Structure formats: C-alpha cells, structure tokens
Amino acid sequence: MEPDAYTPFCGTPPLPGDLLTRWTLDPLLLAGLLLFTAALWVTAERRGQAMSGAALVAFLFISPLCAASMALFSARVGQHILLTLVAAPLIAAALPRLRLPVWPVALLFAALFWVWHSPTPYAATLQSDVTYWAMHLSLTGTAIALFASFRSAGAQAAVPSVFTAAQLTAFAVTLTLAPTAWHDWHAMTALPYGLSALADQQLAGALMWVAGGGLFMVLVALQVRLFLRQEALPRGAA
Amino acid sequence: MTDRTAYVVDLPEDQTYSGSAKGAPDKGFERIWDAPPGIRYLSSVSHRVVGKRFLVTGFIFFLIAGFLALLVRTQLIVPDNTFLDSETYNQVFTMHGTIMMFLFAIPMLEGFAVHLIPLMVGARDLVFPRLGAFGYYCYLFGGIIVLSSFVFDAAPAGGWFMYVPLSTSAYTQDLSADFWLIGITFAEIASVTAAVEIIAAILCTRAPGMSLTKMPIFMWYLLVTAFMIAVGFPPLIIGSILLEAERLLGLPFFDIALGGDPLLWQHLFWLFGHPEVYIIFLPAAGMVATMLPTFVGKPLFGYGFAVAAVVTMGFLSFGLWAHHMFATGLPVMSLTLFSAASTMVAIPTGVQIFCFLATLAQGKPRMDVPMLFIFGFLFIFVLGGLTGVMVAAVPFNLQAHDSYFVVAHLHYVLIGGFVFPMFGALYYWMPQFTGRMMSEAIGRWVFWLMFIGFNVTFFMMHLTGLRGMPRRIASYPEGLGWDRLNMLSSIGSYILAAGVVLFVFDFFWHQRNGLRARRNPWGAGTLEWLYPPIPPGFNFHAIPEVRSREPLWDQPELLDRPAREVEGALRPTIDHRRETMGNDPITGAPMQIVRLPHPTWVPLISAFGLALGFGATLASAYWLVAVGFAIALMGITAWVWEPSDSGVLRDSGLRGLRLPVNVVDTRSHLHIAVVGTMLISSALFASLLFAGLYLWNTQPHWAETTPPAEPLMAGLALVASLAVLLLGWASKRAAFGAKVTPVIAVDLGLAVSAAALGTLLFFSIRAVDPYGSAYAAVGWSLFAFVAGYLAVMIYWSLINALRKAVGAVKPGQMLPNLLIGTFARVVAIMGGATAAAYLLAGSAL
Numbered sequence: 001m002e003p004d005a006y007t008p009f010c011g012t013p014p015l016p017g018d019l020l021t022r023w024t025l026d027p028l029l030l031a032g033l034l035l036f037t038a039a040l041w042v043t044a045e046r047r048g049q050a051m052s053g054a055a056l057v058a059f060l061f062i063s064p065l066c067a068a069s070m071a072l073f074s075a076r077v078g079q080h081i082l083l084t085l086v087a088a089p090l091i092a093a094a095l096p097r098l099r100l101p102v103w104p105v106a107l108l109f110a111a112l113f114w115v116w117h118s119p120t121p122y123a124a125t126l127q128s129d130v131t132y133w134a135m136h137l138s139l140t141g142t143a144i145a146l147f148a149s150f151r152s153a154g155a156q157a158a159v160p161s162v163f164t165a166a167q168l169t170a171f172a173v174t175l176t177l178a179p180t181a182w183h184d185w186h187a188m189t190a191l192p193y194g195l196s197a198l199a200d201q202q203l204a205g206a207l208m209w210v211a212g213g214g215l216f217m218v219l220v221a222l223q224v225r226l227f228l229r230q231e232a233l234p235r236g237a238a
Numbered sequence: 001m002t003d004r005t006a007y008v009v010d011l012p013e014d015q016t017y018s019g020s021a022k023g024a025p026d027k028g029f030e031r032i033w034d035a036p037p038g039i040r041y042l043s044s045v046s047h048r049v050v051g052k053r054f055l056v057t058g059f060i061f062f063l064i065a066g067f068l069a070l071l072v073r074t075q076l077i078v079p080d081n082t083f084l085d086s087e088t089y090n091q092v093f094t095m096h097g098t099i100m101m102f103l104f105a106i107p108m109l110e111g112f113a114v115h116l117i118p119l120m121v122g123a124r125d126l127v128f129p130r131l132g133a134f135g136y137y138c139y140l141f142g143g144i145i146v147l148s149s150f151v152f153d154a155a156p157a158g159g160w161f162m163y164v165p166l167s168t169s170a171y172t173q174d175l176s177a178d179f180w181l182i183g184i185t186f187a188e189i190a191s192v193t194a195a196v197e198i199i200a201a202i203l204c205t206r207a208p209g210m211s212l213t214k215m216p217i218f219m220w221y222l223l224v225t226a227f228m229i230a231v232g233f234p235p236l237i238i239g240s241i242l243l244e245a246e247r248l249l250g251l252p253f254f255d256i257a258l259g260g261d262p263l264l265w266q267h268l269f270w271l272f273g274h275p276e277v278y279i280i281f282l283p284a285a286g287m288v289a290t291m292l293p294t295f296v297g298k299p300l301f302g303y304g305f306a307v308a309a310v311v312t313m314g315f316l317s318f319g320l321w322a323h324h325m326f327a328t329g330l331p332v333m334s335l336t337l338f339s340a341a342s343t344m345v346a347i348p349t350g351v352q353i354f355c356f357l358a359t360l361a362q363g364k365p366r367m368d369v370p371m372l373f374i375f376g377f378l379f380i381f382v383l384g385g386l387t388g389v390m391v392a393a394v395p396f397n398l399q400a401h402d403s404y405f406v407v408a409h410l411h412y413v414l415i416g417g418f419v420f421p422m423f424g425a426l427y428y429w430m431p432q433f434t435g436r437m438m439s440e441a442i443g444r445w446v447f448w449l450m451f452i453g454f455n456v457t458f459f460m461m462h463l464t465g466l467r468g469m470p471r472r473i474a475s476y477p478e479g480l481g482w483d484r485l486n487m488l489s490s491i492g493s494y495i496l497a498a499g500v501v502l503f504v505f506d507f508f509w510h511q512r513n514g515l516r517a518r519r520n521p522w523g524a525g526t527l528e529w530l531y532p533p534i535p536p537g538f539n540f541h542a543i544p545e546v547r548s549r550e551p552l553w554d555q556p557e558l559l560d561r562p563a564r565e566v567e568g569a570l571r572p573t574i575d576h577r578r579e580t581m582g583n584d585p586i587t588g589a590p591m592q593i594v595r596l597p598h599p600t601w602v603p604l605i606s607a608f609g610l611a612l613g614f615g616a617t618l619a620s621a622y623w624l625v626a627v628g629f630a631i632a633l634m635g636i637t638a639w640v641w642e643p644s645d646s647g648v649l650r651d652s653g654l655r656g657l658r659l660p661v662n663v664v665d666t667r668s669h670l671h672i673a674v675v676g677t678m679l680i681s682s683a684l685f686a687s688l689l690f691a692g693l694y695l696w697n698t699q700p701h702w703a704e705t706t707p708p709a710e711p712l713m714a715g716l717a718l719v720a721s722l723a724v725l726l727l728g729w730a731s732k733r734a735a736f737g738a739k740v741t742p743v744i745a746v747d748l749g750l751a752v753s754a755a756a757l758g759t760l761l762f763f764s765i766r767a768v769d770p771y772g773s774a775y776a777a778v779g780w781s782l783f784a785f786v787a788g789y790l791a792v793m794i795y796w797s798l799i800n801a802l803r804k805a806v807g808a809v810k811p812g813q814m815l816p817n818l819l820i821g822t823f824a825r826v827v828a829i830m831g832g833a834t835a836a837a838y839l840l841a842g843s844a845l
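Chains as they are written, first to last, in the UniProt record's numbering: chain W, 1 to 238; chain R, 1 to 845.
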C-alpha cells in the first residue's frame with residue numbers, strides 16, 4: 001500500500017499472526033465510547049442491561065475484531081450482527097419506553113442494512129472515517145430504535161418483525177449464493193486466512209443467515225415471554 | 001392510531017337502522033341456528049357443518065392415500081416384483097405423497113380448527129362462515145381435479161415435490177404435471193382462506209374476559225400455524241403459477257438456456273416445504289397439549305414457555321429450507337452453519353416436549369385411548385426427532401440422501417407428529433360429532449395394531465436405507481440384503497392398515513352402539529365441553545364470561561346448572577340475527593356485536609365458478625375459463641352486496657353494556673382479516689421479488705443483457721403509487737366520519753389512480769420481451785401480479801361508490817372504506833416496489 005494512502009479507521013488489514021495485538025485505542029474513539037456510556041448511565045432505567053450493551057459496543061470497536069473486519073468481510077458481518085442483534089436490543093430494553101412508529105423504523109432499518117452492505121457504499125466506508133462512522137452510527141441507531149419500537153408495540157410488533165426477519169434472511173441468501181465476490185477490498189485481504197474472497201463472503205452470508213436468524217429467534221422468544229407476563233398482570237398494573 | 005371513535009347511532013331496541021333483510025322475527029334462538037334441511041344442507045355455512053365436511057373429506061383422502069401406500073408396499077414385498085409397472089409405480093408414490101401432504105394433513109387440521117375454535121373461545125360460529133364454506137368447496141373441487149388424473153391416465157409421476165426440469169413440458173409432455181399444479185393450487189385456496197379465518201376468529205371473537213393469556217393453549221398453536229400458512233404457502237403458490245406459466249405459455253422461468261434456474265424451483269418449494277412440516281406438526285402438538293391436562297387432571301405445565309417456543313418455531317422454520325438442499329451444491333462454507341441451524345430446531349421442540357413430560361409428571365394419567373395415542377406420539381416423534389438430528393449432519397446427510405433412511409425419518413416425524421395425535425384427537429372429540437363415545441376396547445386394538453404396524457414398517461426402513469436402498473425405485477434385484485427388511489416393512493404396513501380399518505369399523509359401529517356421552521365426558525377444563533355433546537345446531541344460548549384458562553375446572557357456575565341456563569352475553573336475540581361477541585384482540589374486552597351470515601349459496605356458486613375456470617384451463621377450453629371466472633365474480637359480488645345494520649348500538653346483555661354492531665375500527669374482525677389477506681398478498685409478492693433477486697444474483701449475465709424498462713414511465717408509476725397511497729389514507733380517514741356522499745370522490749379517485757398506476761407500469765415494461773429471458777419474464781409477472789390487485793381495487797371502489805350513490809350506506813356504515821384504505825396502501829407499496837425494481841434493474845447496478 002502507498003504510504004500516503006488513507007488508512008481505514010481500524011487500521012490496515014492485519015495478517016493472522018499479528019491480529020491479536022491489534023487493539024484500537026484511538027483517543028477519539030475512547031472518548032466517544034465513554035460519552036456514550038455516560039449518556040446511557042444517566043438515561044437508562046435498567047442500568048445492568050445498559051452497561052452490558054455499552055460494554056459489548058466498546059468491545060466490538062476496541063478489540064481485534066475491529067482490525068479483523070478490515071481483512072475479512074465475515075468478521076465485519078459478525079461485528080454488525082453483534083451490534084444490531086445483541087447490543088441494540090440490550091440498550092433498547094434498558095432505555096425508558098420510547099413510542100416510535102414500528103413500520104417506518106423497520107423500513108428504514110431494512111434500507112440501511114441493504115445499502116451499507118452493497119459494494120459502493122461498503123467501499124466508501126473504507127475510504128473515510130466519516131463514512132465509516134456514518135454507517136455504524138446509523139445502523140446501530142436504527143437497530144436500537146427498531147427494538148425500542150418493537151418493545152412498545154407489544155403484539156402489534158408481530159408483522160413488522162416477520163418483515164424484518166424476512167428481509168434479513170433474503171439479504172443473507174443473496175450474499176451466500178452470489179457467484180462472485182462483491183467487495184474488491186477483500187480480494188487479497190482474506191487470502192492469508194486461507195479463504196478466497198468468495199468463500200469469505202459465503203461465510204459472511206451464512207453467518208448472517210444462521211447466527212443472525214438464531215439470535216433473532218432468541219429475541220422473539222424473549223419478546224413473547226415479556227408480552228405474556230405483562231398481559232398476565234391485573235388490568236391497570238401494566 | 002386505534003383511539004379514534006367511529007360514528008355510531010343509538011336507537012331503541014325495537015328499531016333497526018337500515019332494515020337488514022335477513023332477520024327471522026318468527027324464530028327463536030335455536031331455530032335461527034338450525035341447519036337447513038334436505039338439499040339446502042349444502043348451503044349451510046355453520047362451522048359445525050363445515051368442520052365435519054373437512055374432517056370427513058380429509059379422512060377419505062387419508063384412506064385413498066393409505067391404499068396407494070399399500071400398493072407401494074405390495075410392489076416392494078419381494079425382489080423383482082411385477083405387480084406394478086414402473087410408470088404406474090411412479091404415479092402411485094407421487095399421488096400418495098401429494099394426497100397425504102396437501103389433501104389430508106392440512107384439511108384435517110383445518111377441520112379441527114373450524115370445528116373447535118368457536119367452541120373453545122366462546123363464539124357462536126366461526127367469524128367468516130361463508131369464507132369457511134367457500135374454502136371447503138375449493139378444497140373439494142381441487143382434490144377432485146387431482147384425483148381425476150387417474151381417470152384420464154395422467155396421474156402425476158414426478159414425486160410430491162415436482163422438481164424441474166423433470167416436470168417441465170420437455171420431459172413431462174402429458175397433462176400430469178398440470179393436474180398437479182392446477183389442482184393443488186386450487187385446493188390451497190382453502191388453506192389461505194382458513195389462515196385468514198383462524199387469525200380473525202381467534203383474535204376477534206373470544207368470550208368476554210378471555211385475554212390472550214387466558215386462551216386455551218390450542219388457540220396459540222393454531223394462531224401461529226395460521227400465520228405460518230399465510231407466509232409459508234405463498235412461495236409454493238407462486239412457484240406453481242410460474243411453472244404452470246412455463247408449461248402453458250412457454251415463459252422461461254426455469255429454463256437454463258434463457259437465464260432461468262431449476263434450483264429456483266427448489267428454493268421456492270422448500271421455502272414452503274420446510275414450514276409445511278411445522279404447519280402439520282404444531283396443531284397436532286396443540287391437540288396433545290389440550291388433551292394431556294385432561295387425562296392428568298392438572299393444567300399444562302409451563303404455558304408461557306410453550307407459547308414462546310411455538311412462536312419461536314414459527315420464525316425459525318422459515319430460515320431452514322436450505323437443509324433440504326444439501327446435495328444441490330450449496331457453498332461449502334455455509335454447510336456447517338446450516339447443520340448447526342438444523343439442530344437448533346431441537347431447542348423449541350424440546351421445550352414443548354419437556355412441558356408435556358412435566359405435565360405428565362404432575363399426576364398419574366388415566367390411560368384412556370386418547371392417552372395411548374399421546375404416548376405413541378411421544379415415542380415415535382422423539383425417535384423421528386433423533387434421526388432428524390442425524391440427517392442434519394452434512395456428511396451423514398450426503399450418505400443417507402434419497403435413501404430409505406430419509407423415508408423412515410419423514411414418516412416417523414409426520415406419522416408420529418401428526419397421525420397419532422390426530423387419531424387421539426378423533427377419539428377425544430368424537431362425542432362432539434356423534435354424541436356417542438367410541439369403544440375403549442376396540443380403541444386399544446386400533447392403537448396397538450397401528451403402533452406395532454408402524455414401527456415394524458418404518459423402523460426397518462432405517463436399516464434398508466443404511467444398506468443403500470434408494471427411495472422411489474419400482475423394484476430391486478435379489479440378494480442385496482434388502483429382501484427380508486422389505487418383506488417385514490410390507491407386513492408391518494398391512495398391520496398398520498388393519499388398525500386403520502378397525503378404526504373405520506368402530507366409527508360406524510359406535511354411532512349405533514356406542515355409549516351416549518354425558519356432559520363433559522372426559523372431565524376436561526375447556527369451554528367446548530360446556531354443553532352436553534348431543535350435537536345441536538347452535539353453540540351458546542348466552543356467552544359466558546371467562547376468568548380462567550380452564551373455565552370448567554375453575555368456574556363452578558358453569559357446570560352447576562343446565563348449560564342453557566348459564567349466564568352471559570347476548571341471550572336476547574333482539575334483531576333475530578345470528579350474532580356473536582366481538583372483542584379487543586389483545587385484552588379480550590367486549591368491543592362490538594358481530595353479525596354472522598345465515599345459510600347461503602354464494603360460497604358454493606363462487607367455488608364452482610372457480611373450479612370450472614381451473615378445470616377448463618386444463619382442458620384448454622378458454623371460453624369456458626371465462627364463463628367460470630365470470631360466475632365466480634358474480635358470486636363474490638353478491639357476497640359483498642349484503643345490507644347490514646352496522647353502526648347501531650345494541651344491548652349486549654352483559655350488565656347493561658351497549659355495544660355497536662360491526663363497528664368501524666381498526667381492531668374489527670373485518671379489518672384484521674384484511675390485514676391477514678394483505679400479509680398473504682405481500683408474501684406472494686415477496687416470493688416473486690425473491691425470484692427476481694435470485695435470478696439477478698445467480699445469472700448476472702442475463703440480468704445485464706435483458707433490456708431495461710422505460711425509466712420515465714417507471715418514475716411516473718412511482719408517483720402514481722404515491723397517489724394511491726395518499727388516497728388509501730384518505731379513505732381510511734373518511735371511514736370514521738359521519739359524511740357519506742362526499743366520500744364518493746375518494747372512491748372514484750382510488751379507481752382512477754389505480755388505473756393510472758396499472759397503465760404506467762404496463763408502459764414501463766411494454767418494450768421488454770417476456771420470452772427473451774427468465775429475468776424479463778419475472779418482470780412481467782410482477783406487472784401481472786400488481787395489475788390483478790389493481791383490478792380488484794378498481795372493481796371494489798366502484799362498488800363502494802355505487803352503494804353510496806344509491807343510498808345503501810348510512811353514516812357509521814363505512815367499514816368498506818376503512819378496509820379498502822388498508823388494501824390500497826399495501827397495493828400502492830407493491831406497485832411502487834415494482835416501479836422501483838424496474839428502475840433499479842435498468843440502472844447500472
């Protein structure tokens with residue numbers, strides 16, 4: 001790589017050997033995470049859940065996973081799955097009840113999810129910090145909004161969550177079955193890990209399909225339990 | 001959103017609002033609900049009649065398909081047998097699978113649902129009786145079309161999943177595949193109408209006080225199943241229509257030479273096929289969860305866990321279809337993960353099984369015949385689940401693929417998971433149908449014959465499969481180590497059949513000689529046993545308030561007096577109409593009085609018209625197709641034209657509570673039904689979009705070389721779809737108001753904007769040749785699909801305008817505007833998505 005070329009936020013793609021040494025300790029990042037955690041501490045109703053969500057977010061950006069996501073598309077997808085399907089619902093459950101319209105948020109989340117993982121916008125996130133953070137903030141933000149809206153909608157979240165599961169699966173299927181690799185960036189970076197770019201992408205798609213689907217399933221089960229508990233309370237107490 | 005109050009009129013009880021003609025002032029409660037005598041019985045729409053029709057017809061198909069299975073086993077009893085030639089053999093096993101899956105299992109569960117839902121939730125009839133009757137006739141006629149293929153010597157022979165290219169016109173030149181595609185698609189109308197009906201009935205017509213958490217567990221199972229049918233059947237319906245269009249019109253959807261992909265069929269088929277297994281299993285498990293507490297004498301353990309597990313299974317089942325396609329060359333990277341996903345199903349299934357076991361552990365179960373079948377279910381289904389974990393492992397799967405091991409596995413799952421619980425359920429609920437108990441003594445023989453016969457037949461098949469015998473072969477040579485196992489399997493199948501024959505005998509025998517059932521014969525806790533099971537035509541003189549999940553156990557006021565004297569809502573029949581209570585879907589609080597239809601011929605006429613249309617398509621008699629669909633359209637128009645008394649307040653008989661009749665509200669049963677219908681429609685549309693996306697993804701060359709749609713026209717279509725969206729919203733707003741005549745402008749606006757949207761979409765794609773590539777053909781299918789919905793919308797909004805113009809609509813009766821408002825908004829999104837897809841496909845993506 002040329003010396004004056006832009007270095008992505010998480011650094012240059014690491015080789016497998018030095019991956020575990022690649023912690024991202026950028027002061028701005030640390031300050032931002034601290035601010036985010038503090039804001040959650042102040043606003044959250046359930047601090048335990050809020051802090052575990054914040055801890056996961058911090059881990060996803062500080063740990064070597066950040067660097068790994070520069071080399072492997074599948075690592076990036078893993079990071080996004082944990083952000084949107086674990087950290088986001090934890091934070092949404094910790095915040096005070098937000099009355100958000102379910103359908104617009106679900107549609108926005110779908111649009112952002114599809115756009116940010118398609119070739120041109122994806123490449124753009126590796127060209128500037130602003131785009132990189134625009135992606136992560138918009139994806140995580142809408143994911144939190146999505147789960148907050150599901151929470152307040154109760155049983156009316158059923159059809160929008162079917163839609164969300166369906167669109168996530170459709171994207172995963174497309175990615176898994178694509179005959180060529182989408183992201184030129186990973187053409188060379190995945191090879192040291194013993195994966196062709198296409199295999200890396202297939203792994204990414206299958207992760208989204210299966211791990212994402214599995215996590216979504218857990219969330220559905222929790223939401224149903226929560227709903228039944230609230231319903232079982234005497235009228236007016238809920 | 002739902003807080004808006006609708007316009008209602010409060011009139012004295014002796015006045016009707018717009019004079020609904022169907023009241024019967026000379027009749028008392030029981031006469032109002034009597035089934036019509038003689039030939040007019042066919043016009044009955046009561047859930048008791050329709051449910052029985054489904055069950056009897058489904059069971060007859062079970063006997064037919066079982067007979068076909070015996071033919072298969074007889075052919076395979078010895079090596080090199082010549083009992084059936086290979087072509088006939090292919091027809092026999094194809095029809096066996098097809099009938100069992102589509103014409104027996106699904107209709108049977110619909111029969112139980114149709115019959116039991118109103119009785120268990122405290123309604124006087126299913127919420128859309130005409131729709132139920134219509135669905136039944138579609139199923140009956142569709143089934144007859146499929147069966148009639150034997151008469152024309154054109155029975156389908158391509159296996160129950162009809163894989164392409166074998167089923168395309170190049171390799172199946174006769175009509176056999178058409179019989180399958182047209183007949184099954186027609187019969188599936190019954191499934192999707194049942195889905196809408198089950199959703200609306202469970203959500204909207206429960207007894208006062210029955211909140212979602214107080215529903216019998218079976219209702220949860222059925223609710224989830226109905227949602228799964230609504231989302232799961234559309235991929236197959238779309239797949240069948242595409243394949244039929246390829247066979248009939250030559251459109252190249254699956255033709256590899258023109259950018260089609262045979263694997264697209266497998267994706268669409270298994271996107272349906274995997275959830276289908278759960279659609280069959282879940283209601284059966286729900287029946288087990290209902291019967292088990294009765295025989296143990298304790299409530300179901302872990303109600304909340306079971307509900308969460310069932311909902312989770314509903315979601316999970318849609319992500320797993322790829323594991324039916326391990327052998328099709330899926331990316332190696334993904335196979336391990338699919339394996340993991342497949343074993344994940346064991347978690348929610350396991351939760352349910354443990355709930356059942358924990359219930360059993362709470363007491364000593366009474367070993368009556370239904371309980372025996374429940375034990376049979378537990379034993380066989382768990383074994384099927386274990387082999388399921390085995391075939392989920394990719395290396396083992398590739399080894400066992402297409403062998404008799406898979407045949408054994410799927411029969412353990414389906415017979416264990418559906419047939420055994422269903423026989424238990426037939427024994428359990430039979431008093432509801434005949435008023436008599438089936439024989440305990442004969443029942444034990446039935447169970448043991450079936451249980452032993454089943455295990456002898458299918459356990460051997462595991463071994464036959466491991467010894468390498470492929471499925472679907474008409475004969476095999478001697479000496480490969482398969483001879484004795486096959487002989488045993490065949491003998492076992494005769495034992496199994498003997499059990500079924502004995503059941504049929506008992507069915508006829510007990511109607512004369514069985515003990516008369518007393519009130520609540522099994523000591524159950526659920527509401528369907530409130531009345532003595534001497535089958536009457538009606539359900540509840542008064543609809544009782546419910547305060548418990550097991551009302552008959554916990555509410556002594558229900559059983560300490562004759563059932564007809566139990567207190568509750570709607571005892572007086574002020575308007576001499578069939579009616580029941582409507583509730584808030586979540587809380588169960590009374591919200592409205594739902595008017596129900598009296599016997600009518602329109603369902604039969606409409607279904608007959610459709611049958612004529614589908615049948616004539618097979619015979620290529622296109623003028624007759626037009627006649628058939630015209631008859632159906634007339635029938636459906638007559639259906640919707642009925643005058644009503646909606647918008648008026650009436651006494652509910654519940655502590656002076658006055659409730660509106662058929663209220664204009666987004667929580668009303670009709671609006672819930674429209675939402676359900678649009679869910680199905682969206683799933684159909686999404687299946688088409690998926691087909692386009694799949695071809696774009698896997699055949700990029702063809703996506704690039706197919707000429708693009710006209711961008712200007714597509715852009716204008718996007719604008720038109722916005723207009724439809726806004727008018728749909730306006731129509732919804734108007735529905736709540738008191739003004740009638742000005743709304744005609746909104747109706748006409750909807751018709752005009754829909755016509756404009758359709759026209760613009762047509763001009764967007766006009767220059768693209770649908771025969772040029774599969775990709776282009778999908779583009780045209782999107783247009784045709786949306787155009788169909790737009791046509792419905794135009795027709796419907798013109799009817800709405802006309803009804804207002806002739807004064808048939810009074811203030812407070814504008815529910816149709818609310819309904820078409822929702823309909824129009826979803827159609828606008830589908831039209832807009834089509835236009836956007838045209839723009840995207842044309843751009844340089």
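Derived by calculation from the structure, the hints in this document are not laboratory data. This structure is a prediction, so every number in the text was calculated from the model and none was measured. Quick reminder that beta carbons are idealized off the backbone N, C-alpha and C, glycines included. Any given hint could be a false lead.
Said to hold, decoys possible - Pairwise CB distance ranges, derived in the manner of DEER restraints:
| no. | chain 1 | residue 1 | chain 2 | residue 2 | range |
| --- | --- | --- | --- | --- | --- |
| 1 | R | Thr587 | W | Phe36 | 34 to 40 Å |
| 2 | W | Arg47 | R | Pro811 | 37 to 43 Å |
| 3 | R | Leu722 | W | Met188 | 44 to 50 Å |
| 4 | W | Leu25 | R | Leu722 | 45 to 51 Å |
| 5 | R | Arg766 | W | Val42 | 58 to 64 Å |
| 6 | R | Tyr622 | W | Pro179 | 38 to 44 Å |
| 7 | W | Leu56 | R | Pro742 | 39 to 45 Å |
Item to check | Violated hints, by number in ascending order, as checked against the structure | outcome: 2 and 7
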